[in-house]
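*Asks:* Based on the hints, put chain B in the right spot on chain A.
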Amino acid sequence: MNPIALIARKEAGELLLSTRGLAWLLALAVIMSVLSLLLVSNTELSLLDNAQVVYMVMGTVTALGGLLAVVLGSDTIAGERERGSLLPLLLAPVTPSQIVFGKMGGQVVGWSVMYLLSLPYVWAVGSSGQNLVQSVVYLALLGTPVVLGFGFLGIALSARLRNVRSALLTSLIMLMLMTSPLLLGPSLRQSTIGKWFDALNPFSAAVNTFDSVVIDSQPLGMQTTRLVVALIWLAAMAALAVRSVRKMEI
Amino acid sequence: MLIEIRGLKLNLGGSPILRNVNLALEKGQILGLLGPNGAGKSTTISVITALRAPTAGNVRVLGLDPVAETLQLHRRIGALAEDSGFYDWMNASSYLQWMASLYGLGARKAEIPALLHRVGLDARNQGAIATYSRGMRQRLGLARALINRPELLILDEPTNGLDPRGRREIHDVLLNLSAQHGVGILLCTHLLDDVERLCTRIGIIAHGETLLEGSIADILSTQGAAVRYRLRVAGDQPSTLPNGVTLLARAGEWWHVGLGGSGDPANAWRSLIDAGWRIEEIHREGGGLEDLYMSVTEGGEASI
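As they're listed, the protein sequences go chains A and B. Taking the numbering used here, the leading residue of the first sequence gets 881, the next gets one more, and so forth. Taking the numbering used here, the leading residue of the second sequence gets 25, the next gets one more, and so forth.
One chain only, chain A, in its complex shape:
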């Protein structure tokens, strides 16, 4: 088997078979369960319409996916260094590029698991409406580059900062900055800075797309710019991760 696939398989195993990885997935499932229960209750009471609820679940899944990605990413290099398992990997006949692509493969598996985990919740809140299919498709289309970008950022910081705590803290601050549109009020988002921030922020690109397609029923053709922003974010973070791992010192 190719070294990249082997490292990716190991990363996936760490998420799906280790106590720590399973605990993270369980925590995410609990958060999604509580949120879905609250949203379904609100829908039943006609406090929120179905499209609004689906939009909120999609935004939350993307944010939680980003959270899982930065936690996994921050641990990939620095965590292995702290646990002493990085050195055997560096002494094996694999290149730094193969190591980083394998780690990226692990991120893809992590997001795939998170995405599959979220589908029952999306179905639970969206099955009574008209936009279940769009929500599942657009969550994959926009959520994937945004979440993986955060994961690759975590890998880059993990290689550069050399310890998990610093890498995780920095990644979380970046994630909070990017997800701040969820916390900003409509007036702040309409200011000049807010508009620029919205236009360049990949997380904004994802949630604004969810808003447009699920609530406003706009077609995909009108979301091209946002999709490009998300893809540029993914490519930039992938390049940063590759460069950081290639340049890292033991």
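Rather than coming from a laboratory, the hints here were simulated on the basis of the structure. Ideal Cβ placement from N, Cα and C applies to all residues, glycine included. One or more hints might be untrue.
Unchecked claim - Chain A side only, calculated, beta carbon under 8 angstroms to chain B, not exhaustive:
(1) Pro883
(2) Ile884
(3) Lys890
(4) Ala892
(5) Leu897
(6) Gly964
(7) Ser965
(8) Leu971
(9) Ala972
(10) Asp1091
(11) Met1128
(12) Ile1130
To be verified - Derived DEER-like restraints, expressed as beta-carbon distance ranges:
(13) A:Val988 to B:Ala131: 27 to 35 angstroms
(14) B:Gly62 to A:Ala1079: 18 to 26 angstroms
(15) B:Asp107 to A:Leu897: 55 to 63 angstroms
(16) B:Gly38 to A:Ile1130: 33 to 41 angstroms
(17) A:Asn1043 to B:Gly31: 30 to 38 angstroms
*Replies:* Coordinates of chain B only, in the frame set by chain A:
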């Protein structure tokens, strides 16, 4: 020549870490790399294993340039770091299978139970590595280093955490690899007992410089580092001593003698017995490699 290092220099962050390291290791030899903490031993190993590029000097490992031919080198060497880590959620067999695949040696997976047995681990133990003791982890680390049947083995404190039986078993594995399979071993350790038992050559490094390098017998001989023994001798003894044995002191039936560094103790005792000595007990008191190490590295810990 498995390792050939001449005039190795390495600067990190503008500071010289290695100033002038010289080492040589041939097939089937075991080289003990000694030196105080911070002397530059681990950094030297990192250059040999291509984890760092030298600033200057000539480094050839298995005839390869570690910087330019890293992957070819990694395919042919095995290494065990001092604080070696594993994926704790795996068990020993699955971990070694994964490592074998990473080396492109998937076909050797069938050999893994024998390899585990060889280092003293039970292949039937399917428990997670997280539950392993320090000694078991050391054994697993050694198994990992042997997974690709290396021509050169680089070991940093391989007997750390092992009980006396485990230590002896690992010694036997290393001696067998060296003698039967011609594997060259670079052993980095603070345990001089290990060095005396295993090594044919030593290199002593301090302050990033090789202070001494060569075969143990030659070094002890040229440095005049005699080994001291205490003998209990019954009855009257002849006054003459064979060549190579020096009388240091006598207290009743106890005789304190020195044995030249190049002398074989067995020959010396045979000579004494032939000369009419009735030796009842022999105790080693020190000297030899330990005294040599202390005198060469005098000045305390290195500043780097």
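*Asks:* It remains to establish, for every hint, whether it holds in the given structure.
*Replies:* Structure-based check of each hint:
1. Pro883: Pro883 (chain A) check passes; min Cβ-Cβ to chain B is 6 angstroms, inside 8 angstroms.
2. Ile884: This interface hint is violated because 11 angstroms lies over the 8 angstroms limit.
3. Lys890: holds, 6 angstroms
4. Ala892: Violated: closest Cβ of chain B sits about 12 angstroms from Ala892 (chain A), beyond 8 angstroms.
5. Leu897: holds, 5 angstroms
6. Gly964: holds, 3 angstroms
7. Ser965: Because about 4 angstroms separates Ser965 (chain A) from the closest Cβ in chain B, which is inside the 8 angstroms limit, the hint holds.
8. Leu971: With a minimum Cβ separation of about 5 angstroms from chain B (threshold 8 angstroms), the hint on Leu971 (chain A) holds.
9. Ala972: Holds. Min distance 5 angstroms.
10. Asp1091: violated, 40 angstroms
11. Met1128: violated, 11 angstroms
12. Ile1130: holds, 5 angstroms
13. A:Val988 to B:Ala131: 27 to 35 angstroms: For Val988 (chain A) and Ala131 (chain B) the Cβ distance comes to about 29 angstroms; the hint holds.
14. B:Gly62 to A:Ala1079: 18 to 26 angstroms: violated, 53 angstroms
15. B:Asp107 to A:Leu897: 55 to 63 angstroms: Given range 55 to 63 angstroms: violated, Cβ gap about 24 angstroms.
16. B:Gly38 to A:Ile1130: 33 to 41 angstroms: Check failed, 18 angstroms falls outside 33 to 41 angstroms.
17. A:Asn1043 to B:Gly31: 30 to 38 angstroms: holds, 35 angstroms
Checked against the numbered hints given earlier, the structure breaks hints 2, 4, 10, 11, 14, 15, 16 and satisfies all the rest.
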